[in-house]
Amino acid sequence: MRAVAFGMLLLALECGPAAATDVTFSGTLTGICTLAVPTPGTLGLAADGSLGSSAGVPATLTILSVGSNTVTIAPPAWVSTPVGYSAVGESLSVAYLGVGGLSVVNQAYTTSTTNFGVSTLPLTALTVNAKATNTSGFVAGTYQMKVVVTCS
Amino acid sequence: MLLRASAAALLVVVATPAEAAICTLSLPTGGTLSLSSDGLRLGSEEATVPTPGTLTVLSVGSSTLTVDPPVLTQSPAGYQSAGETREMRYSAPLSGATQAYTTVSTSFTVPNLINPVLLTLHARITNPAGFAAGTYQARTVVTCS
Numbered sequence: 000m001r002a003v004a005f006g007m008l009l010l011a012l013e014c015g016p017a018a019a020t021d022v023t024f025s026g027t028l029t030g031i032c033t034l035a036v037p038t039p040g041t042l043g044l045a046a047d048g049s050l051g052s053s054a055g056v057p058a059t060l061t062i063l064s065v066g067s068n069t070v071t072i073a074p075p076a077w078v079s080t081p082v083g084y085s086a087v088g089e090s091l092s093v094a095y096l097g098v099g100g101l102s103v104v105n106q107a108y109t110t111s112t113t114n115f116g117v118s119t120l121p122l123t124a125l126t127v128n129a130k131a132t133n134t135s136g137f138v139a140g141t142y143q144m145k146v147v148v149t150c151s
Numbered sequence: 000m001l002l003r004a005s006a007a008a009l010l011v012v013v014a015t016p017a018e019a020a021i022c023t024l025s026l027p028t029g030g031t032l033s034l035s036s037d038g039l040r041l042g043s044e045e046a047t048v049p050t051p052g053t054l055t056v057l058s059v060g061s062s063t064l065t066v067d068p069p070v071l072t073q074s075p076a077g078y079q080s081a082g083e084t085r086e087m088r089y090s091a092p093l094s095g096a097t098q099a100y101t102t103v104s105t106s107f108t109v110p111n112l113i114n115p116v117l118l119t120l121h122a123r124i125t126n127p128a129g130f131a132a133g134t135y136q137a138r139t140v141v142t143c144s
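So the sequence lines, in the order shown, correspond to chains E and P.
Numbering (numbering that gives the first Met the number 0) for the first sequence: 0 to 151.
Numbering (numbering that gives the first Met the number 0) for the second sequence: 0 to 144.
If you are wondering where the hints come from, they were derived from the structure by calculation, not from laboratory data.
Hints are supplied without guarantee of correctness; some may be wrong.
[As the list claims (entries may be wrong)] If you anchor each label on the Cβ, the simulated ranges turn out as follows: (1) Thr149(E) / Val116(P): 50 to 60 Å; (2) Thr27(E) / Ser104(P): 39 to 49 Å; (3) Gln73(P) / Thr69(E): 21 to 31 Å; (4) Val78(E) / Pro75(P): 40 to 50 Å; (5) Thr108(P) / Ser151(E): 47 to 57 Å; (6) Ser102(E) / Thr108(P): 44 to 54 Å.
[Claimed, not checked] Some chain E residues close to chain P (C-beta under 7 Å, calculated; not the full set): (7) Ala17; (8) Ala18; (9) Thr20; (10) Thr23; (11) Phe24; (12) Gly26; (13) Leu34; (14) Thr38; (15) Pro39; (16) Thr59; (17) Leu63; (18) Ala107.
For each residue, glycine too, the CB sits at the ideal point set by N, CA and C.
Throw the hints in and build the complete structure from the sequences for me.
In structure tokens form, the structure reads like this:
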């Protein structure tokens with residue numbers, strides 16, 4: 000009888016009181032869309048006489064989207080051209096290609112503004128090419144063009 | 000008579016360590032989840048100023064504290080949980096009480112504490128599909144025994 004009593008005491012003393020509690024973490028995300036250009040493009044003179052990034056280095060644009068957004072890409076515009084350059088007969092066009100979550104996005108060279116929809120998307124790259132053709136050709140000097148991309 | 004003396008001695012030996020096993024957890028404060036710059040992680044360390052959860056631990060004698068990985072208790076309708084990873088890390092000014100991000104329950108021994116110590120917890124959820132707009136809430140269970 001005593002042996003049983005001591006055994007029960009041992010069990011009760013070895014099992015100390017347990018405590019448990021919850022710690023919560025919370026946050027609210029609002030719809031956002033951010034754009035960044037980690038790699039600007041460079042222009043080069045192609046064998047067909049056009050001036051574009053396909054003969055240089057394409058630009059890389061990154062997109063981060065929370066919620067549904069629309070990305071709009073305008074055709075290129077000159078930022079600077081050398082003295083003596085004539086814009087008569089020129090055509091400026093843009094093309095882009097998505098990777099990863101944007102792998103379905105593939106736009107051939109176009110002179111028009113285009114857009115595509117994105118849903119929730121972690122940071123994803125879009126490769127952008129810009130090109131200028133001119134029936135009069137290109138004079139020597141420095142050229143700079145820009146492509147305006149908006150996300151809303 | 001001899002039997003009674005042996006029984007009394009046994010009682011003293013058993014009772015000595017058991018008196019110390021008392022552990023309390025109190026004053027839990029919640030952490031805040033923010034989105035990482037690449038959109039892949041939602042965590043309490045992703046904001047410019049990290050906002051961890053905290054908990055006060057008091058132990059009389061040696062105890063074992065266990066921290067479970069977080070569970071998502073709320074997420075918006077458009078969130079795709081497939082592929083997500085939920086992790087927890089913590090630290091406290093105690094020997095052996097620093098744990099890097101892990102997906103499993105972890106434990107450490109809490110020694111006898113003269114004063115309460117603060118346990119700092121960070122949670123993060125990683126999802127290659129990103130995070131839809133809306134409110135997220137994660138919960139972790141901390142147990143001391």
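Verification of the hints:
no., hint, in the structure
1, Thr149(E) / Val116(P): 50 to 60 Å, "holds (51 Å)"
2, Thr27(E) / Ser104(P): 39 to 49 Å, "violated (28 Å)"
3, Gln73(P) / Thr69(E): 21 to 31 Å, "holds (28 Å)"
4, Val78(E) / Pro75(P): 40 to 50 Å, "holds (41 Å)"
5, Thr108(P) / Ser151(E): 47 to 57 Å, "holds (54 Å)"
6, Ser102(E) / Thr108(P): 44 to 54 Å, "holds (50 Å)"
7, Ala17, "holds (4 Å)"
8, Ala18, "holds (5 Å)"
9, Thr20, "holds (5 Å)"
10, Thr23, "holds (4 Å)"
11, Phe24, "holds (4 Å)"
12, Gly26, "holds (3 Å)"
13, Leu34, "violated (13 Å)"
14, Thr38, "violated (16 Å)"
15, Pro39, "violated (20 Å)"
16, Thr59, "violated (14 Å)"
17, Leu63, "holds (5 Å)"
18, Ala107, "violated (28 Å)"
Violated hints, listed in ascending order, are 2, 13, 14, 15, 16, 18; each of the other numbered hints is respected by the structure.
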